[in-house]
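Each residue of the sequence shown is one higher than the one before, starting from 17 at the first, in this note's numbering.
It is worth saying that the hints were derived from the structure and are not from the lab. Treat the hints with care, since some could be wrong.
[Claimed, not checked] For lysine to any residue, the following SDA-like pairs were computed, each having C-alpha atoms within a straight-line distance of at most 20 Å: (1) K73 <-> K242; (2) K250 <-> L221; (3) K147 <-> Y169; (4) K73 <-> Y61.
Note that this is a predicted model, so its numbers are computed, not measured.
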Amino acid sequence: MPKDITHWALATTARKNVHFKRIKYVIDENYASFLGGAVAYDIPYYSPANSSLILAKKADELHGVKTCRVWEPIINLLQNYSLDEDGDIPDFLLSFILGCISHIIIDSHYHPLIYYFTGNCYDKDIHKRNKAIVEHRQFESHLDLYYLRKLNYTGPTSAKYIISQLQGPMIAEVLSLLYFSNDVDKRIEMTQDCLNAYIKTQGLLNNKIMKYLLKFIGIVSVEMRKRSALCYPKTIYPAYYQLFENNSQYRHPTSGELIQASFDTIYDKCIADIVSSFSKFDCCRTRNEYIETIRSFSAVSLETGKECTSPSLMRYFFKNCSS
């Protein structure tokens, strides 16, 4: 899962490239909601211990780990959220949904490349799985710093700040509907706890003392090593910078297909796809029109970027492939 800053920076860049007046207005007037949607699919991964099994499973469902129903949560949200007094989809909700769409597109474009270089986070071998998780998180932490500087992103980088711009009960209800459909009444408290844990975790990972503590304990604890990998380094390591700047090809981790693509070409394709997807909503007015538009999108796995292809099928990686 490309981390928060990558999602926010790329979503914001796409927003700048939107020339459809209505969609641009909706995003600009509900920017915090847009940024909240851009990370909503990842928030369940930060769930507290008492609900981690339920929400981690939800996060996997959102990312199409076992199924390709990645658009269904957004459709369920549209079906179950109350219309405004004019019978329309509220602008803040549409902006949130556009943020979610940007997340799906970004993950499906970048994840195949990231998995190729870092290994399989779903490997049945626990040692290989843990090693891949650490490398995956380190890769994405560096990618965040790379895009923060390359794109000169000056928008919010604090989840606490973004969420503070939204009404607490409202965002908890929206997230609950996204995660649990119409079973929302029983789940709002769980979702709010998860949202609080996400904000708290992000704050702790930016704390210098916590960074050093996690790194020190990580020497002997794989769980702490996985947490430490979420922290941002002081600067981008040269090996990562060279990869981001100069890599021109990778193999798709499920098919082994050699793909000629640099980070720049993936980025360009990603932004173009986000803008194109947003454009399809410009003429939508009714709930059903929004839903039918979303149903027209390809049902890809956010992990593999391919239609109905589980990450369990990944077997082609940089360290055991000649590229």
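Now the hints, each set against the structure:
1. Taking the CA atoms of K73 and K242, the gap is about 19 Å. The hint holds against a cut of 20 Å.
2. For the suggested pair K250 and L221, the alpha carbons sit about 13 Å apart, so the restraint of at most 20 Å is met.
3. This hinted pair does not check out: K147 and Y169 have alpha carbons roughly 31 Å apart, beyond 20 Å.
4. Of the pairs offered as hints, the one joining K73 and Y61 holds, with about 9 Å between alpha carbons and a cut-off of 20 Å not exceeded.
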